[in-house]
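Participant: Here the protein sequences come in this chain order: A and B. Under my numbering, the first residue of the first sequence carries the number 3, and numbering increases by one thereafter. Under my numbering, the first residue of the second sequence carries the number 3, and numbering increases by one thereafter.
Everything labelled a hint here was simulated from the structure, so no lab data went into it. Watch out, some of these pointers could steer you wrong.
Said to hold, decoys possible - The list that follows gives simulated cross-link-like pairs (lysine-lysine, DSS-like), each with its CA atoms no further than 30 Å apart: (1) K54/B / K346/B; (2) K348/A / K423/B; (3) K346/A / K207/B; (4) K302/A / K244/B; (5) K244/A / K302/B; (6) K423/A / K374/A; (7) K38/B / K347/B; (8) K413/A / K140/A; (9) K411/B / K91/B; (10) K207/A / K207/B; (11) K413/A / K96/A; (12) K244/B / K207/B; (13) K140/A / K244/A; (14) K28/B / K411/B; (15) K413/B / K207/B; (16) K207/B / K302/A; (17) K140/B / K374/B; (18) K148/A / K244/A; (19) K302/A / K374/B; (20) K207/A / K302/B; (21) K413/B / K91/B; (22) K207/B / K347/A; (23) K96/A / K207/A; (24) K207/A / K91/A; (25) K347/B / K174/B; (26) K28/B / K207/A; (27) K207/B / K174/A; (28) K348/A / K302/A; (29) K207/A / K347/B; (30) K91/B / K374/A; (31) K96/A / K38/A; (32) K91/B / K51/B; (33) K207/A / K413/B; (34) K140/B / K423/B; (35) K356/A / K13/A; (36) K207/A / K174/B.
Unchecked claim - Short derived list, chain B residues pointing at chain A, Cβ under 7 Å: (37) Q196; (38) G267; (39) D270.
Just so we're clear, the structure is a prediction, and the values are computed from it rather than from any experiment. All C-beta atoms, glycine included, are put in the ideal place defined by N, C-alpha and C.
Number of protein chains: 2
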Amino acid sequence: MQHILIIGAGKSSTALINYLLEHSEKEQWTITIAEKDLALANNKIQGQKNAKAVFFDVFDAELLNELVGASDLVISMLPASLHIHVARKCAELKKHFLTASYTTEEIQALHGQFNNAGKLMIMEMGLDPGIDHMSAMKVLDELKEKGYELTGFETFTGGLVAEESVGDNPWKYKFTWNPRNVVLAGQGTCKFIQEGRFKYIPYHKLFRRTEQIYIPDHGYFEGYANRDSLAYIDVYNLRGIKTLYRGTLRRPGYCAAWDAFIQLGATDDSYEMENVSNMTHRQFINSFLSYNPNDSVELKLAHYLNLDLDSAIMFKLRWLGMFEDEPIDLRTGTPAQILEHILKKKWTLNPEDKDMIVMWHKFNYIAEGQPKQLESSMVAMGDDELNTAMSKTVGLPLAISAKLILQEKIKLTGIHVPIEKEIYEPVLKELTNAGLTFVEREVEPTFY
Amino acid sequence: MQHILIIGAGKSSTALINYLLEHSEKEQWTITIAEKDLALANNKIQGQKNAKAVFFDVFDAELLNELVGASDLVISMLPASLHIHVARKCAELKKHFLTASYTTEEIQALHGQFNNAGKLMIMEMGLDPGIDHMSAMKVLDELKEKGYELTGFETFTGGLVAEESVGDNPWKYKFTWNPRNVVLAGQGTCKFIQEGRFKYIPYHKLFRRTEQIYIPDHGYFEGYANRDSLAYIDVYNLRGIKTLYRGTLRRPGYCAAWDAFIQLGATDDSYEMENVSNMTHRQFINSFLSYNPNDSVELKLAHYLNLDLDSAIMFKLRWLGMFEDEPIDLRTGTPAQILEHILKKKWTLNPEDKDMIVMWHKFNYIAEGQPKQLESSMVAMGDDELNTAMSKTVGLPLAISAKLILQEKIKLTGIHVPIEKEIYEPVLKELTNAGLTFVEREVEPTFY
Chain A
3 MQHILIIGAG KSSTALINYL LEHSEKEQWT ITIAEKDLAL ANNKIQGQKN AKAVFFDVFD
63 AELLNELVGA SDLVISMLPA SLHIHVARKC AELKKHFLTA SYTTEEIQAL HGQFNNAGKL
123 MIMEMGLDPG IDHMSAMKVL DELKEKGYEL TGFETFTGGL VAEESVGDNP WKYKFTWNPR
183 NVVLAGQGTC KFIQEGRFKY IPYHKLFRRT EQIYIPDHGY FEGYANRDSL AYIDVYNLRG
243 IKTLYRGTLR RPGYCAAWDA FIQLGATDDS YEMENVSNMT HRQFINSFLS YNPNDSVELK
303 LAHYLNLDLD SAIMFKLRWL GMFEDEPIDL RTGTPAQILE HILKKKWTLN PEDKDMIVMW
363 HKFNYIAEGQ PKQLESSMVA MGDDELNTAM SKTVGLPLAI SAKLILQEKI KLTGIHVPIE
423 KEIYEPVLKE LTNAGLTFVE REVEPTFY
Chain B
3 MQHILIIGAG KSSTALINYL LEHSEKEQWT ITIAEKDLAL ANNKIQGQKN AKAVFFDVFD
63 AELLNELVGA SDLVISMLPA SLHIHVARKC AELKKHFLTA SYTTEEIQAL HGQFNNAGKL
123 MIMEMGLDPG IDHMSAMKVL DELKEKGYEL TGFETFTGGL VAEESVGDNP WKYKFTWNPR
183 NVVLAGQGTC KFIQEGRFKY IPYHKLFRRT EQIYIPDHGY FEGYANRDSL AYIDVYNLRG
243 IKTLYRGTLR RPGYCAAWDA FIQLGATDDS YEMENVSNMT HRQFINSFLS YNPNDSVELK
303 LAHYLNLDLD SAIMFKLRWL GMFEDEPIDL RTGTPAQILE HILKKKWTLN PEDKDMIVMW
363 HKFNYIAEGQ PKQLESSMVA MGDDELNTAM SKTVGLPLAI SAKLILQEKI KLTGIHVPIE
423 KEIYEPVLKE LTNAGLTFVE REVEPTFY
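Next comes chain A alone, as it looks inside the complex:
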């Protein structure tokens, strides 16, 4: 019997736990789910005999030692900052370790220890980062093997609500992942490289410099740039590439409307507002507008942001209730915290809502002297409230790679992100079997 320790049984662990439970009998695994909320963990196990739930606290050193010691492979779904505690214990006790979070220098420092122990640690093994790395590297390696010259690579991912669950919501968006990250998205300066030129977009222009992206059978999306694309030159070994651009997908119209909040200063997280406990939605918006007792908040905002009163952006703001004299119902908060709180009133998934993940890559390359363009896309749909697209796309890469490691089909040691063929090839194959399929198509290259 091999033993798997899963730390954390939250919303995003559903598909991971289900996959491992399903395979546990055939693979002869026992599974321990370590979680602060024992009821939650037991609910995920649903009485399966190879699994048990135990109480967990990452700062209980003795408990951590005991649980990791008893396992062959550990998967952490903890908040990103806590992985390091588990990673050090896995290095010490010589266990494989997997997470879906971005790797850090602190974690990279353990590479030698994992290597010497003959154990593998994979970071960034979820959706984004994770599936994006694997699906991109597959094509990048294929192009390289054919001797083609890669000139550009763009990659976009978005966590959205399924079209069927949009209803009358003009944003066509709800929170399907950490709302705070959605509100703060893009803060700082965005850097990328386009046709060999370094380009910079300040935050207050980011949501007005979107790309229009077409995905067969799903229509148009819009994408805004992620913070630092330049760092990915090294991750994907693309030194010398002329265009590199990473971004986030939304449905058309979202970004221009979201920009209204940015222009107002309503996404600022750097200071606490005054008098929050007495503030209404309308007063929150009015805090960012000039004082004038004779003009309405609507007119002041429309004039400030140069919007027509009957524009789609004004309608989106009205639909959110931003102009209502409804109490915010918070005692303190930064503008970003207050905005998040207001948005949650309308952007929270209903139990019957389904989410959706969209990923899209564009590769430009030169084949036999001719410019070519290949697009690759994946769309994943949630089944229900528990089995969300987010949970599948984050959890299945972890679950599948855990299986492949325990089956000794992946034999790498040390710390890796999934850009190696030994990892991405078998994992992508199994993801396809699970319905997470990339569709590739050659299109006419677009020029500037």
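Place chain B on chain A using the hints.
Facilitator: Quick look at chain B alone, frame taken from chain A:
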């Protein structure tokens, strides 16, 4: 004989040193000018017999001890962060101490020591902070004494180039003070209170929310808000006031054009740009614009910022040479550092140029049930390259208060900023004699 120690003989010390030298014989003072650059210090003394120059290094504890020990009163023109070293020594050796810099918590902690020693330390005794405090408190105290209710206070100061030295410069602006602070001005969120409502302006909107200000005999100016006006509620003891707004003055048209740099992201100081050593002015601007080999940088910028190609803003940018393929001539830099470097090529004062200081206060109050508005303004002109308006307005408050302390006409002890009548009344009187005069006028109150 009383002895005065002046630390620092830079550009802003000219008027301070001249005033003290002029009064040294009558007042029986000897003056030591402590400065790293001995030639500079000797040049300021011009052979006057009561004064001498000595080499100085703030980190030479023995030297500091000796120089402070031999003096009755010390004035520091060092960079703000270094005052604390001198302040501690003055507290220890029981000497009066004056600076023109903002006070800090670290410095405030010495209050008891100065108090027990029976010595006075005045911080914020320059122009802004300094003359602004004194001239505002004079009116605020007068209104209070008359039993009037203050409803609003706005105060703006600007360091500008004199109208006669503007020439063909469409910005009507040159650097007369620290250029870096001008480039970074306004970063962060601006907070103020207007008619009892807290208002917030994000940096990317700040230069588009200016106030138009008229000063008799000098015409119109425009003002943008300083970062945090709310802190001044306590400084001026104005709790309950409905409107409080502090800002910076420029000539009309400056702010909307400066906003173009902000919109581009060219004032960002948070990251180093790539390939700076090969960059031209034009490429610097192009870094913030979309890639398109068929469109000109001018057209891309005009479209991005919604400007007419023949607009005054485009002309201002063209006048600066922003679209020229002239090498920037820096090896590395943040956008803000590069912009500062380019601006210095055109915005540096010529030897014959004169500078100008403009300060303006607006007081709204209720007198006998009637709303009233009082405006108070001061305009100071530089005489020449050495005797700048900046040097006069920063140096004379220090020099005059030094004289009044040594004459025992100011008897306060401990640490103060010049908001007390005992300080501001005699200092303002002498400033008027020196030509730094406030003109007050009652105007029709403006309403929103």
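Participant: Determine for every hint whether it applies to the structure shown.
Facilitator: Hints, one by one, checked against the model:
With a C-alpha separation of about 35 Å, the suggested pairing of K54/B with K346/B is violated against the 30 Å cut-off. Taking the CA atoms of K348/A and K423/B, the gap is near 56 Å; set against the 30 Å cutoff, the hint is violated. Proximity of K346/A to K207/B is assessed by CA-CA distance (about 27 Å); at most 30 Å being required, the pair is judged to hold. For the hint linking K302/A to K244/B, the alpha-carbon distance of about 21 Å falls within 30 Å, and the restraint holds.
Proposed proximity of K244/A and K302/B is supported: the alpha carbons are some 21 Å apart, at most 30 Å. With a CA separation close to 24 Å, the supplied pair K423/A and K374/A stays within the 30 Å bound. Taking the CA atoms of K38/B and K347/B, the gap is near 28 Å; set against the 30 Å cutoff, the hint holds. Of the pairs offered as hints, the one joining K413/A and K140/A holds, with about 19 Å between alpha carbons and a cut-off of 30 Å not exceeded.
Pair hint K411/B plus K91/B holds up; C-alpha atoms about 24 Å apart against a cutoff of 30 Å. For the suggested pair K207/A and K207/B, the alpha carbons sit about 12 Å apart, so the restraint of at most 30 Å is met. The hinted pair formed by K413/A and K96/A meets the criterion: a straight-line CA distance of about 15 Å does not exceed 30 Å. Simply put, K244/B and K207/B have alpha-carbon atoms about 23 Å apart, close enough for the 30 Å limit, and the pair holds.
At most 30 Å may separate the alpha-carbon atoms for a hinted pair to count; K140/A and K244/A meet this at roughly 20 Å. A threshold of 30 Å between alpha carbons decides the hint, and for K28/B with K411/B the separation of about 16 Å falls inside it, so the pair holds. Note on K413/B and K207/B: the hinted pairing is violated, with a Cα-Cα distance of about 46 Å set against a maximum of 30 Å. Distance restraint check for K207/B and K302/A: the Cα-Cα separation of roughly 14 Å lies within the 30 Å cut-off, and the hinted pair is therefore satisfied.
A hinted pair counts as satisfied when its Cα atoms are at most 30 Å apart, and K140/B with K374/B qualifies at roughly 17 Å. A C-alpha spacing of about 19 Å is found between K148/A and K244/A, which places the hinted pair at or below 30 Å, so the restraint holds. The hinted pair formed by K302/A and K374/B meets the criterion: a straight-line CA distance of about 27 Å does not exceed 30 Å. Of the pairs offered as hints, the one joining K207/A and K302/B holds, with about 14 Å between alpha carbons and a cut-off of 30 Å not exceeded.
In summary, the hint linking K413/B to K91/B is supported, as the alpha carbons are separated by about 21 Å, within the 30 Å threshold. Among the hinted pairs, K207/B with K347/A is consistent with the structure: their alpha-carbon atoms are about 28 Å apart, no more than 30 Å. For the hint linking K96/A to K207/A, the alpha-carbon distance of about 48 Å lies beyond 30 Å, and the restraint is violated. Between K207/A and K91/A the CA atoms are separated by roughly 44 Å; this puts the pair beyond 30 Å, and the hint is violated.
Proposed proximity of K347/B and K174/B is supported: the alpha carbons are some 15 Å apart, at most 30 Å. With a C-alpha separation of about 62 Å, the suggested pair K28/B and K207/A falls outside the 30 Å cut-off, and the hint is violated. This hinted pair checks out: K207/B and K174/A have alpha carbons roughly 28 Å apart, not beyond 30 Å. The hinted pair formed by K348/A and K302/A meets the criterion: a straight-line CA distance of about 24 Å does not exceed 30 Å.
Of the pairs offered as hints, the one joining K207/A and K347/B holds, with about 28 Å between alpha carbons and a cut-off of 30 Å not exceeded. Between K91/B and K374/A the CA atoms are separated by roughly 73 Å; this puts the pair beyond 30 Å, and the hint is violated. For the suggested pair K96/A and K38/A, the alpha carbons sit about 25 Å apart, so the restraint of at most 30 Å is met. A hinted pair counts as satisfied when its Cα atoms are at most 30 Å apart, and K91/B with K51/B qualifies at roughly 27 Å.
This hinted pair does not check out: K207/A and K413/B have alpha carbons roughly 55 Å apart, beyond 30 Å. Using a Cα cut-off of 30 Å, the hinted pair K140/B and K423/B holds, with the two alpha carbons roughly 7 Å apart. A C-alpha spacing of about 14 Å is found between K356/A and K13/A, which places the hinted pair at or below 30 Å, so the restraint holds. A threshold of 30 Å between alpha carbons decides the hint, and for K207/A with K174/B the separation of about 28 Å falls inside it, so the pair holds.
Given the 7 Å rule on beta carbons, the hint for Q196/B holds: about 4 Å separates it from the nearest Cβ of chain A. With a least beta-carbon distance of about 3 Å to chain A, the hint placing G267/B at the interface is held under the 7 Å criterion. Given hint, D270/B at the interface with chain A, holds; its Cβ is 6 Å from that chain's nearest Cβ, closer than 7 Å.
Of the numbered hints stated above, those contradicted by the structure are hints 1, 2, 15, 23, 24, 26, 30, 33, listed in ascending order.
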